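4 protein chains.
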Amino acid sequence: MVKVGIYGASGYTGQELLRLLLRHGGVEVTAVTSRRYAGKAVSDSYPVFSGMTNLSFMDASPEELAKGADVVFVALPHGASMEVAPRFLAAGKKVIDLSADFRLHDVACYEKWYGKHAAPETLGEAVYGIPELYRAEVKKARFVANPGCYPTSIILGLAPALKGKCIDTASIIADSKSGVSGAGREPRIGSLFCEVNGGFKAYNIGKHRHTPEIEQELSLLAGQDITISFTPHLLPVKRGILSTIYATLKTKTTAGDLLEKYRAFYRDEQFVRIYKEGTFPDISSVAGSNFCDIGIAVDSRVNRIIIVSAIDNLMKGASGQALQNMNLMCGFGEDTGLAMLPVFP
Amino acid sequence: MVKVGIYGASGYTGQELLRLLLRHGGVEVTAVTSRRYAGKAVSDSYPVFSGMTNLSFMDASPEELAKGADVVFVALPHGASMEVAPRFLAAGKKVIDLSADFRLHDVACYEKWYGKHAAPETLGEAVYGIPELYRAEVKKARFVANPGCYPTSIILGLAPALKGKCIDTASIIADSKSGVSGAGREPRIGSLFCEVNGGFKAYNIGKHRHTPEIEQELSLLAGQDITISFTPHLLPVKRGILSTIYATLKTKTTAGDLLEKYRAFYRDEQFVRIYKEGTFPDISSVAGSNFCDIGIAVDSRVNRIIIVSAIDNLMKGASGQALQNMNLMCGFGEDTGLAMLPVFP
Amino acid sequence: MVKVGIYGASGYTGQELLRLLLRHGGVEVTAVTSRRYAGKAVSDSYPVFSGMTNLSFMDASPEELAKGADVVFVALPHGASMEVAPRFLAAGKKVIDLSADFRLHDVACYEKWYGKHAAPETLGEAVYGIPELYRAEVKKARFVANPGCYPTSIILGLAPALKGKCIDTASIIADSKSGVSGAGREPRIGSLFCEVNGGFKAYNIGKHRHTPEIEQELSLLAGQDITISFTPHLLPVKRGILSTIYATLKTKTTAGDLLEKYRAFYRDEQFVRIYKEGTFPDISSVAGSNFCDIGIAVDSRVNRIIIVSAIDNLMKGASGQALQNMNLMCGFGEDTGLAMLPVFP
Amino acid sequence: MVKVGIYGASGYTGQELLRLLLRHGGVEVTAVTSRRYAGKAVSDSYPVFSGMTNLSFMDASPEELAKGADVVFVALPHGASMEVAPRFLAAGKKVIDLSADFRLHDVACYEKWYGKHAAPETLGEAVYGIPELYRAEVKKARFVANPGCYPTSIILGLAPALKGKCIDTASIIADSKSGVSGAGREPRIGSLFCEVNGGFKAYNIGKHRHTPEIEQELSLLAGQDITISFTPHLLPVKRGILSTIYATLKTKTTAGDLLEKYRAFYRDEQFVRIYKEGTFPDISSVAGSNFCDIGIAVDSRVNRIIIVSAIDNLMKGASGQALQNMNLMCGFGEDTGLAMLPVFP
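Protein chains in written order, with my numbering: chain A, 1 to 345; chain B, 1 to 345; chain C, 1 to 345; chain D, 1 to 345.
Since the hints were made in silico from the structure, they are not lab data. Here the structure is a predicted model, which means the values were calculated and not measured. Heads up, some of the hints might be wrong.
Identical copies go unnamed one by one, so any copy, or any two together, can satisfy a pair.
[What the hints assert, rightly or not] Each computed DSBU-like pair below joins lysine-lysine, with the alpha-carbon atoms no more than 35 angstroms apart:
id, residue 1, residue 2
1, K112, K93
2, K67, K276
3, K165, K252
4, K252, K140
Pulled out of the complex, with its shape left as it was, chain A reads as follows (with noise of 0.2 angstroms):
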């Protein structure tokens, strides 16, 4: 059994880490902090756990939670991330960051979005933990940067049109949605219940710190720099990410036939699903699941390719792929304990 410690497992990306890794089959979860509920039962604070596990949260130091861990995940804010995994990995133990701390390779770029960075040498040494890109990296990474969940939906969604050098970079928009457990479990105005049901709308249009992250990886893609239109909303569900993105064709071309390109892309990927001509995803049709799924409309009327690609923000956008790199640093089944299917209704 593989020993996994949680940094920092109170907000909803930790515990759905926990769900998961509870269900994995090949791991101990031998530790998880959180300041706010330390020394109570995990099962007192989170009822959805009675009689799952008789852990309780800590508040220990990286050095401390790190002596009974092989792996372990971080799960802080960005900010305070840098702050700790560089002790994980001074401790010799595999990490896998799902902050924003460690995902862009250029420390300016980070500073200008973020703030200083505290650790900006080990930006060097992490591995973008996107598999279905690097793969082979990650799977000899001992420093995994977990993406985001916009820049999941939004790269998987357009690297194999980049790839494929199907559409002019310049014109790229990409219409985000998200739910509203992208936001935490901080509590804040604005993700009561009364603000956000019934509501919908856009935020942080055109600043949003997800932006260099999904051009960082998008310009990697298509071997040039690419500036896009990133709008981000949100909806009034609990989870999942849609995003609409456009972007204008290069050649006159059919659905039919980037479609094709999109399933040989991703052929033996296990975790992302291109859809049938004329049919797209739902949320629903992945909440609960690790997929990503896509759907590809052409509008030949003005030449330009739309794409819907839909996660689950917690999962394929957060804790599912963390488990998914885990699974590759350690030498798991790659859909170790993710095999299952969406819940829906």
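Starting from the known structure of chain A, fit chains B, C and D onto it as the hints suggest.
Relative to the frame of chain A, chains B, C and D by itself:
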């Protein structure tokens, strides 16, 4: 008191009309029709109306309804309306038609998107009922084609930019999200609570029937033919449409400059609210009211304008706007019966 | 124009009051206070009010607010209100207090359930503001304690049965379900969208602080001391309370007989609607209005009455009823500003 | 591999069965039937199954389906099931019937609540499939009548109290609230998103067809005839039932004592979780799992026990419990394919 009839009152737009008319003050609702509920008291079919009206649904011909009405709202599905509206006109009534049947000026265009038109000769008489653009015509009209919900949000969102020649007309993308009431009250699997709640999807990508209506009006505003990309999505909310509209700016411009143009354009409009720079509407801020709220951002990195436009699809997107048109046609104050604030939370 | 102030206007009940008062027609809102938002324009904090008011939130003492107001609504949490309301009375103002601080006639009872009372001498002056039971007193009052949301639904639901001596007073069980706005706008984990949506739970079983208020009024109606079982639940809706109330009938009676008694009891009440036999209210049928809708069944197999009573917790359960009280205290028509129909869907 | 067929797989319980069976590990689903979708690939009708199965819906007779199946789940509406289930039994198959047709032992009682029974002679053979009460019988059974959703929550909630003779059996009131999936996937106006969302109502008060099923089992537990009050309500959630159950205690007892009895009663049950004193289940804490969570309070002022019992209506209330029964009938571990944790948020 102006005598008003509603032909086809059992759907959500019919109900909403009745709700508004019962508190208008200057009208008397003399008859409401419904095949499905013929003979039943309105308050039995719709308990919200308990004690508010003694009306019963009738199954009447247009001619019968016309006998007791000065103004008639036709709230039938497209295809059905074209058979009925001309008969009210023939009876000398003022008619506001809420279907798509009389919104397009070009018969060929109608028949391409909808099918055979039964009353093409009547098309020319209908005024497209967005008072903010066609107030003078509406005042004199005896026949108004009430706009679609998506078109209202997009046309009002783009009008100042198009009139002001600010944007590249080939670059327009409208990514729109609608609440479920837009799908009507027909019992369809796709509108069931369990199918919609917790979900989100795009539908009719590149082929929604509102497209030609939107393009007709944008082209008139721009003085040139415009083709757009329009993607509708289904939101798990009851009321509201939010459109996120993208276009390339012709010149370097700031959001501040554009907002000034928008404020000038809508200076005298009581139902259009332009937001301060950096703030954007939420569906919650218009639901239950006749407002269209608009916010604007400029993504200077790619020189695009992003317009966010929000309405209540049953109010400004249907019955509210229909009443606004009736007020103009009958000489009432334009906001009579429409001055309510949004209901939040 | 009557000059009105709202002391503590930043919560949901304060906002709802403002929404109603801005469309009342006979009042002018002269000032609204909020510590959290002091100095900010109301329309900046609450975009629903964009263009509807030039008011800004003040951080003012009761004496300052009193200078420009004839009537004051106090919308503070319990405990805070008792410090403030007496100062408005001392300044000669009419006061409607929306907290629990002045609803109980018995100081000892208050202190058992809530803690120390700072102004016990003022308790005696407050009229319990359910106009359907205390209209004459409210009309003459200068100080009204506005009832709680749960109590309003339960007291109105039981009043005719208790007055008519129909039920065994030891057998009453009220199983109530409330929307989330009843928990206020404080940022608490338990009120987050992700915690509430898709969920449903009971809370404070057998010890909710509304219990003594309900029992006080039921006892007065019955002319004897009544103890009930009261279980509140949290519904994943924004607005609305539905109480399902059980009691054993003293004699064999039919639903029809009981409905007749209810109709007679509420004959002249414009805000209470008694349903036909076999039909029962839905929260949807009252949300957005000041109605209390009541349906009655008799389970003859066990000789129990089941009363279903529904209100909008922010309207008849709080701000709507507060305005109804103000109308009576100031000589306005009782439904002034309250005649709106429910908003459905 | 045990070969399994689902007769009537197009509704929500059929889909849920398929979701569970595809991940069971010990079974192969050989056929699924649906008249509505005959000939269509399951993954076309239900995109959640994309890439997960090659099954297509068949329109087959029971005899045809029986050829390739050892075990058959019948997921038809009541009335239809009674025509079909006996034919599977005649073919020598193990049958789990999810309808109400074989749950009642008394034909007269069935016919009073449901109408004519087509196969009364088969009633005697069906085991009522709550494993926590009838495990030994289920293990030996070839025909199990899978319990209703409301009954499961109420019977499990009351069993220890009734067996322990703790309560006055004439005083039982069950106030139950169910998610919308309980109403099935039929396109009905009452199940539309716009009718349900934001609403809440009671229905079928005192006459819901689950009443005799509940009373049958409670009576068997108590060893005497029991008549209850049962009020179902419709919750605006997709999954979940929460029952709040009231009864008068025979003697002064504490919640602690009762909880001890409950814990003892369910000591060896892996799907029943008894909560700590002062804590109560939320539907969110069981949704997506096969758990029944139970909390208990005593209102000592009136000497009543209040039991709160929560299940996922599609899991422990239908398909999960059906699989639990199949596991017992076929010699699998009872939790095979059912060990998933609740999905929260």
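Cross-check of the supplied hints:
1. K112 with K93: within (30 angstroms within a copy, 56 angstroms between copies)
2. K67 with K276: Answer is between; shortest inter-copy Cα gap is 33 angstroms, intra-copy 49 angstroms.
3. K165 with K252: Close inside one copy (13 angstroms) and across copies (29 angstroms); limit 35 angstroms.
4. K252 with K140: neither (41 angstroms within a copy, 47 angstroms between copies)
The earlier numbered hint that this structure contradicts is number 4, and it is the only one.
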